[in-house]
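Visitor: First to last, the protein sequences are chains A, B and C. Going by the working numbering, the first residue of the first sequence is number 1, and it counts up by one from there. Going by the working numbering, the first residue of the second sequence is number 1, and it counts up by one from there. Going by the working numbering, the first residue of the third sequence is number 1, and it counts up by one from there.
Hints were generated in silico from the structure; no laboratory data involved. Watch out, some of these pointers could steer you wrong.
Below, simulated SDA-like cross-link-like pairs (lysine to any residue); rule was C-alpha separation at most 25 Å, straight line [stated by the list, open to error]: (1) A/Lys-176 to B/Leu-231; (2) C/Lys-147 to C/Lys-364; (3) C/Lys-257 to A/Glu-110; (4) A/Lys-178 to B/Gln-134; (5) C/Lys-259 to C/Glu-279; (6) C/Lys-179 to A/Lys-178; (7) A/Lys-58 to C/Tyr-274; (8) A/Lys-178 to B/Lys-74; (9) B/Lys-74 to A/Gly-168; (10) C/Lys-275 to A/Phe-55.
Please read these numbers as outputs of a predicted model, since none were measured by experiment.
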Amino acid sequence: MLSPVILIPAILNGLLTGAVYALVALGLTLIYGVLHIINFAHGALLSAALFAAFFAFKLLGLDPYLAAFLLAPAFFALGYGLQRFIIGPASRGDDRNMLLITLGLSVVIENVLLYAFRGDTRTIEVPYAFETIDLGFTFLPIPRVIGFGVVFVVALLLWAIMRFTDTGKAIRAVAKEKLGAQLAGIDVAHVYAMTFGLGSACVAVAACLLIPTYYVNPMVGDAFVLIAFTIVVLGGMGSVPGALIGGLVIGVVESLSGLFLGESLGQIGIFVIFIAVLLVRPTGLFGVKA
Amino acid sequence: MTDRPLLDVRDLHAGYGETQVLRGVSLDVAPGEIVAVLGSNGVGKSTFNRTLSGIVRARAGSIQFDGAAIEHDKPPAIVARGLIHVPEGRRIFPNMTVGENLDLGSYRRAKPRRAQNRERVFGIFPRLREREAQYAGTLSGGEQQMLAIGRGLMAEPKLIILDEPSLGLSPLLVEELFTLIGRIRADGVAILLVEQNVVQSLEVADRAYILAEGTFVMSGAASAIAADPELKRAYLGL
Amino acid sequence: MSEGKFPFSRRTFLATTALGAATVAMPSVLRAQGAGVKLGILHPVSGALSYSGTQGRLGATIAIDEINAAGGIKGLGKIDPVLGDAQSSAEGGTAEVEKMNSAGVAAIVGGYASAVCLAVSQAAARYDLPYVVDVGVADSIVTRGLKNTFRFGPGFGVIAKTALSNLAAINDAAGKPAKTVMIVHEDSLFGSGLAKLLNAQLPAQGFQILETIPHPTPTRDFNNVVLKIKAQNPDLVIPANYYNEYVLLARTMQQQKVKPKGIYSVLGGAASSYKFVKEFPEAAKYIMDCNHWFDPKNPKALALKKKVEDQGQFFTYEVYMNYSCVLLVADALARAGSADRAKVTEALASSTFKDHVMPYGPTKFVNGQNEGAAPANTQVLDGDIKVVLPVAFAQAKPVFPMPA
Numbered sequence: 001m002l003s004p005v006i007l008i009p010a011i012l013n014g015l016l017t018g019a020v021y022a023l024v025a026l027g028l029t030l031i032y033g034v035l036h037i038i039n040f041a042h043g044a045l046l047s048a049a050l051f052a053a054f055f056a057f058k059l060l061g062l063d064p065y066l067a068a069f070l071l072a073p074a075f076f077a078l079g080y081g082l083q084r085f086i087i088g089p090a091s092r093g094d095d096r097n098m099l100l101i102t103l104g105l106s107v108v109i110e111n112v113l114l115y116a117f118r119g120d121t122r123t124i125e126v127p128y129a130f131e132t133i134d135l136g137f138t139f140l141p142i143p144r145v146i147g148f149g150v151v152f153v154v155a156l157l158l159w160a161i162m163r164f165t166d167t168g169k170a171i172r173a174v175a176k177e178k179l180g181a182q183l184a185g186i187d188v189a190h191v192y193a194m195t196f197g198l199g200s201a202c203v204a205v206a207a208c209l210l211i212p213t214y215y216v217n218p219m220v221g222d223a224f225v226l227i228a229f230t231i232v233v234l235g236g237m238g239s240v241p242g243a244l245i246g247g248l249v250i251g252v253v254e255s256l257s258g259l260f261l262g263e264s265l266g267q268i269g270i271f272v273i274f275i276a277v278l279l280v281r282p283t284g285l286f287g288v289k290a
Numbered sequence: 001m002t003d004r005p006l007l008d009v010r011d012l013h014a015g016y017g018e019t020q021v022l023r024g025v026s027l028d029v030a031p032g033e034i035v036a037v038l039g040s041n042g043v044g045k046s047t048f049n050r051t052l053s054g055i056v057r058a059r060a061g062s063i064q065f066d067g068a069a070i071e072h073d074k075p076p077a078i079v080a081r082g083l084i085h086v087p088e089g090r091r092i093f094p095n096m097t098v099g100e101n102l103d104l105g106s107y108r109r110a111k112p113r114r115a116q117n118r119e120r121v122f123g124i125f126p127r128l129r130e131r132e133a134q135y136a137g138t139l140s141g142g143e144q145q146m147l148a149i150g151r152g153l154m155a156e157p158k159l160i161i162l163d164e165p166s167l168g169l170s171p172l173l174v175e176e177l178f179t180l181i182g183r184i185r186a187d188g189v190a191i192l193l194v195e196q197n198v199v200q201s202l203e204v205a206d207r208a209y210i211l212a213e214g215t216f217v218m219s220g221a222a223s224a225i226a227a228d229p230e231l232k233r234a235y236l237g238l
Numbered sequence: 001m002s003e004g005k006f007p008f009s010r011r012t013f014l015a016t017t018a019l020g021a022a023t024v025a026m027p028s029v030l031r032a033q034g035a036g037v038k039l040g041i042l043h044p045v046s047g048a049l050s051y052s053g054t055q056g057r058l059g060a061t062i063a064i065d066e067i068n069a070a071g072g073i074k075g076l077g078k079i080d081p082v083l084g085d086a087q088s089s090a091e092g093g094t095a096e097v098e099k100m101n102s103a104g105v106a107a108i109v110g111g112y113a114s115a116v117c118l119a120v121s122q123a124a125a126r127y128d129l130p131y132v133v134d135v136g137v138a139d140s141i142v143t144r145g146l147k148n149t150f151r152f153g154p155g156f157g158v159i160a161k162t163a164l165s166n167l168a169a170i171n172d173a174a175g176k177p178a179k180t181v182m183i184v185h186e187d188s189l190f191g192s193g194l195a196k197l198l199n200a201q202l203p204a205q206g207f208q209i210l211e212t213i214p215h216p217t218p219t220r221d222f223n224n225v226v227l228k229i230k231a232q233n234p235d236l237v238i239p240a241n242y243y244n245e246y247v248l249l250a251r252t253m254q255q256q257k258v259k260p261k262g263i264y265s266v267l268g269g270a271a272s273s274y275k276f277v278k279e280f281p282e283a284a285k286y287i288m289d290c291n292h293w294f295d296p297k298n299p300k301a302l303a304l305k306k307k308v309e310d311q312g313q314f315f316t317y318e319v320y321m322n323y324s325c326v327l328l329v330a331d332a333l334a335r336a337g338s339a340d341r342a343k344v345t346e347a348l349a350s351s352t353f354k355d356h357v358m359p360y361g362p363t364k365f366v367n368g369q370n371e372g373a374a375p376a377n378t379q380v381l382d383g384d385i386k387v388v389l390p391v392a393f394a395q396a397k398p399v400f401p402m403p404a
């Protein structure tokens with residue numbers, strides 16, 4: 001069972017799957033890092049984005065990878081609007097209220113999806129869904145290789161935005177020093193909304209990467225957010241590199257524990273890690289003490 | 001005042017929740033002037049500054065800056081007008097480099113002249129040039145204070161509020177700081193200096209206000225206040 | 001307008017009165033005059049099982065339309081279907097039984113999933129309401145002594161037994177090329193039960209089981225499972241899971257170029273599905289299945305197949321099983337000559353109905369189970385699904401081992 005013939009491909013599978021987990025976690029950790037709240041609506045937004053990608057394909061015939069160019073801006077705008085006009089104003093200046101509002105939002109979004117599309121599980125069929133790259137010792141599924149690449153492009157893009165644009169710098173400034181940022185003329189409400197928008201755009205891209213080989217129903221996002229939350233804790237709350245590395249680690253852990261413990265118990269490995277991190281290193285791999 | 005004042009505060013009231021902190025405060029600053037606001041801890045100096053920069057809402061009274069009423073403006077709009085508040089405790093961005101901190105000083109104002117203003121700040125604070133690529137959180141207290149002021153100067157302020165700039169600095173650094181304050185004024189920037197360090201503030205200021213229990217109890221030429229030992233004992237604890 | 005409105009109001013009034021009186025006798029009197037007979041058609045048309053449920057409803061309604069087009073049931077008039085949605089859950093099924101009972105149905109057909117069938121049979125028993133199970137294979141559906149419950153199709157035990165003996169027969173005929181087996185099963189009642197049974201019985205047939213791999217439903221990644229299969233290289237892979245997972249497993253095996261000597265499934269979620277064969281012909285090639293299947297030599301079955309395919313739907317087992325079940329109930333109603341529940345139950349219990357489309361022997365209910373029911377073995381050959389066993393219904397000989 002420990003033969004490298006299985007082990008190496010299983011690790012590769014884990015890395016490829018983990019990249020998409022990382023992207024979902026990236027959105028979550030970004031919002032946590034700046035707004036200091038767990039966005040409970042993250043999973044519902046992922047479900048919504050999967051539906052959007054599904055219908056973009058079914059109704060407009062839009063390939064999911066092309067749809068990403070449409071859905072990422074659309075979900076950026078949606079996320080911006082949600083934070084700017086609903087979550088922000090409703091919290092009345094107390095950031096802790098935002099947490100509860102995102103929780104309420106997730107219930108609303110999921111039920112609207114349930115009402116509109118019922119509980120059915122839907123899939124799309126794209127011709128390349130089961131194409132592979134032959135590495136000699138194993139075959140890599142092309143959609144996952146694409147996903148892996150896209151996640152790193154998105155991460156690089158996000159890094160560049162954070163590093164080189166004034167908006168990115170303002171986001172980082174607000175994350176650590178809100179009053180200082182306000183006094184530098186930074187509109188905190190705008191920065192919060194930008195961050196929520198970026199987090200939502202990450203989710204939209206993740207949805208486009210998932211839909212070719214995954215399925216959608218109104219509750220599908222929840223499973224991902226549980227994993228993404230584990231990644232955020234593992235990588236360090238609010239840490240972008242932590243989310244990336246953590247995502248890959250969790251992908252491999254899930255794949256290997258699926259291999260050794262069986263697919264039914266595969267997720268146990270993830271939650272063992274989650275608890276272990278909380279016990280041994282609560283700040284995560286890349287986190288700093290508050 | 002012969003000129004129209006740059007900042008004109010009339011009968012300002014402000015507070016938090018049930019607590020009234022400012023009870024009818026009036027003050028004016030002329031262009032290019034250094035005005036000191038003195039007073040012991042807890043008399044409302046920070047609240048006064050925060051009301052000027054829009055962090056705390058004014059409950060009554062007016063604030064005129066550069067000919068416009070700003071008492072209902074939010075911080076970004078106030079910054080855009082050129083009224084810059086360098087807060088107590090520096091409030092620099094520790095997770096960002098010195099260069100990035102300075103960049104954000106010109107986030108709202110004077111952005112096109114970012115490069116030349118950065119040179120100007122480096123001219124005033126040569127240490128910041130040496131530390132440009134370093135994370136601000138790793139700077140010494142004195143350097144952090146320089147960075148906080150430098151960030152304020154990046155916005156080409158018409159008036160800069162320096163909130164307890166000497167707090168926590170060594171005597172040598174305090175000396176250096178007050179020299180620099182003189183230099184900033186030389187560039188034509190008005191300064192509202194809010195300090196506990198009474199002696200040195202009065203040396204560098206043109207005029208001074210003494211704040212006690214939410215209102216100004218005394219104002220006048222800095223030299224006159226410095227010369228009144230009774231006043232200093234009563235309100236400044238000297 | 002006013003001319004059409006009056007009779008409608010009158011009918012509504014009568015129906016309401018009948019319900020308001022809440023008597024069984026009153027509506028039967030009405031029906032005896034040829035006013036029609038209500039039949040409950042219950043399927044999970046929403047939720048996880050919605051595809052199967054919708055297909056089942058399609059089969060049932062085609063049968064009803066055909067009966068009504070031919071003048072309805074002799075003496076009783078036309079069938080008035082009362083459609084219900086079990087929402088893919090036992091609770092959903094139970095709730096629909098209550099509604100159908102209130103609506104005064106003469107019998108209920110459907111259920112689809114074993115869990116739904118178990119709940120529905122019990123709820124229906126409270127009202128002595130005859131219930132014909134369309135698919136649900138759990139043996140316990142008919143072993144609890146419920147007098148109202150009838151299953152026209154084969155149960156799990158019969159299917160598994162037939163599957164095992166057919167597998168041995170196919171392997172023997174080919175010169176016993178297959179010795180090792182891996183089982184991939186979903187981890188709920190259906191898959192686990194089957195895996196347990198196979199583990200107990202396959203060694204006696206001369207097969208060695210290398211590994212049994214459970215997985216949850218849904219599972220959207222079979223890469224690791226297929227890696228394990230690849231490493232152990234079994235002669236036979238036996239999948240026991242639902243449609244989505246079955247398709248994914250077969251496609252991942254194709255993707256990872258894993259080619260055992262045969263893929264043999266028992267109640268395979270996709271193996272005998274025209275949808276699967278049409279959409280993924282390469283992955284489906286030569287897959288064998290022991291499952292519900294229609295009689296390919298019955299002209300009535302072929303006519304139904306054409307009718308369904310002309311509607312743009314796939315001819316799945318849910319369609320023809322429900323079609324047959326409705327015909328069975330219609331026959332019982334005609335013989336009972338009344339919608340009286342006790343009489344209908346009696347007529348079903350004594351049924352020898354043979355005008356259906358299944359490859360079954362004569363209908364004979366013993367404790368509610370049709371003893372004549374049997375599964376068929378199919379194989380995907382030439383882009384089509386062919387019956388290979390039992391010989392009496394076979395269209396082709398099994399191709400085993402799979403050509404490389």
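Visitor: Evaluate each hint against the coordinates.
Guide: Against the structure, the hints:
no.	hint	in the structure
1	A/Lys-176 to B/Leu-231	violated (42 Å)
2	C/Lys-147 to C/Lys-364	holds (15 Å)
3	C/Lys-257 to A/Glu-110	violated (39 Å)
4	A/Lys-178 to B/Gln-134	holds (21 Å)
5	C/Lys-259 to C/Glu-279	holds (20 Å)
6	C/Lys-179 to A/Lys-178	violated (70 Å)
7	A/Lys-58 to C/Tyr-274	holds (22 Å)
8	A/Lys-178 to B/Lys-74	holds (14 Å)
9	B/Lys-74 to A/Gly-168	holds (22 Å)
10	C/Lys-275 to A/Phe-55	holds (21 Å)
Violated hints, in rising order: 1, 3 and 6; the structure is consistent with all others.
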